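With the hints as constraints, model all of the structure from the sequences given.
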Amino acid sequence: MKPNDFTEAAIANNPAWAQLLGLCPLLAVSNTVANATGLALASAFVVIGSNTSISLLRRIIPDIARLPCFVLIIATFTTLTVMLLEAYAFDLYSRIALFVQIIVTNCMILGRAEVFASRQPVGRALMDALGTAVGFSLALLALGAVREVLGQGSLMADMDLLFGPAAAALEVKVFAVPPLALALLPPGAFIIAGLLFALVRGLGRTARDTRAHAEQ
Amino acid sequence: MRSQFTTIIALLVIGGLCGLALTQTYESTRQPVTENRIRQAQVLLSELLQRQAPTDLKWQQGVANACGDWQFVRGSSPGYAGPIAYLALLQNQHISLRVTRHQETPGIADFIDHRKDHYLADRDNTAIADWAQLDNISGATITHKALRGMAAQAQTQLRNTRERYPCPQSPGEPNPREPNNEA
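If you read the sequences in order, they're chains A and B.
Take any residue in the first sequence, note its place counting from 1, add 7, and you have its number in my numbering.
Take any residue in the second sequence, note its place counting from 1, add 71, and you have its number in my numbering.
If you are wondering where the hints come from, they were derived from the structure by calculation, not from laboratory data.
Certain hints may be false.
To be verified - Over the 10 Å line for every Cβ pair with chain A, so calculated as not near, a few chain B residues: (1) Gly86; (2) Tyr151; (3) Phe182.
To be verified - Just the calculated beta-carbon pair ranges, DEER-fashion: (4) B:Tyr190 to A:His220: 26 to 34 Å; (5) B:Gln113 to A:Thr112: 29 to 37 Å; (6) B:Val84 to A:Val181: 51 to 59 Å; (7) A:Ala205 to B:Arg194: 41 to 49 Å; (8) A:Thr213 to B:Gln113: 51 to 59 Å.
Here the structure is a predicted model, which means the values were calculated and not measured.
For every residue, glycine included, the Cβ atom is placed at its ideal position computed from N, Cα and C.
Written as structure tokens, this is what we have:
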């Protein structure tokens with residue numbers, strides 16, 4: 008088990024801002040922090056479960072049928088997530104069900120299965136899955152927070168749908184009137200995601216330049 | 072030959088494990104899922120009726136309370152991407168409608184989802200004669216056509232149910248043909 012598998016997957020090879028994978032659910036469900044958290048938890052469950060299972064089964068998965076096997080395992084974990092959400096977080100499920108169901112087609116998860124989990128022992132596959140889940144969650148939550156503040160004027164509204172009535176107190180009212188309603192709409196999602204990804208890449212480049220300068 | 076046999080065995084093992092996980096989870100979540108669906112349906116019925124809906128409604132051919140002052144009708148109409156399931160409240164030749172399930176294009180057909188848009192709620196209690204005259208929605212022609220057809224379809228369904236299960240002549244008189252309870 009190597010800790011740098013985690014940081015590699017979460018930061019350097021972040022599925023969203025470094026590889027631009029899984030953008031469909033990322034843009035569609037990140038209109039509030041509550042929705043983003045729901046999808047982040049669902050995606051984390053699927054990527055961790057499928058990566059671990061694929062790594063455990065890697066010696067018996069036939070090479071000629073590996074992709075159908077990966078899809079079967081990912082689809083199983085996605086269906087389990089749907090059932091659990093529908094049973095225990097029904098209100099949230101009603102809002103994000105469509106995008107939870109299409110986790111099965113998320114190329115981020117299939118990509119990690121093919122490139123990493125199917126070739127590595129369970130410990131490393133687990134660290135990679137944790138890193139991928141954390142990286143995707145960071146991108147989702149950052150985008151969700153910015154869009155909710157700009158488009159709705161609040162932060163962490165409706166968290167009670169996920170964590171029970173006590174979590175309703177987490178809501179913070181930032182603006183009385185939302186400053187940019189466009190942020191909640193699909194074009195707003197594209198624009199804000201583009202700006203956030205550019206910011207993260209810019210910060211990464213600056214950090215690399217500073218390191219290189221210090222080494223000289 | 073041997074490698075093919077091994078492949079088949081491996082696929083069976085993987086498929087079996089996946090199936091086992093799914094059936095076990097289905098069994099353990101069936102009860103709360105059913106309760107959630109009933110609760111959601113009850114909330115929707117009460118919202119349409121604008122008061123607490125009876126919990127012991129008997130559904131006959133997709134129609135509830137066929138002989139009462141108001142009727143609930145559930146059915147489906149073909150949309151752009153598959154059937155659009157709906158629940159309608161018919162009351163004195165007026166209709167209130169909610170879409171309960173659909174696969175229409177997200178974003179374009181969001182107006183039929185009462186959780187995302189007020190379009191249907193704003194048209195509650197519309198005269199059935201006026202329902203077919205609703206203005207078309209640009210970009211969602213087929214979805215809107217399905218929506219407009221739902222009022223006539225609900226009326227036909229109610230008429231058919233009443234023909235099959237005639238209402239008692241006076242209160243308290245038993246039904247001539249006792250219906251099967253579909254609920």
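Quick rundown of the hints versus the structure:
{"no.": "1", "hint": "Gly86", "verdict": "violated (7 Å)"}
{"no.": "2", "hint": "Tyr151", "verdict": "holds (15 Å)"}
{"no.": "3", "hint": "Phe182", "verdict": "holds (14 Å)"}
{"no.": "4", "hint": "B:Tyr190 to A:His220: 26 to 34 Å", "verdict": "violated (58 Å)"}
{"no.": "5", "hint": "B:Gln113 to A:Thr112: 29 to 37 Å", "verdict": "holds (34 Å)"}
{"no.": "6", "hint": "B:Val84 to A:Val181: 51 to 59 Å", "verdict": "holds (53 Å)"}
{"no.": "7", "hint": "A:Ala205 to B:Arg194: 41 to 49 Å", "verdict": "holds (44 Å)"}
{"no.": "8", "hint": "A:Thr213 to B:Gln113: 51 to 59 Å", "verdict": "holds (56 Å)"}
When each numbered hint is compared with the structure, violations occur for hints 1, 4.
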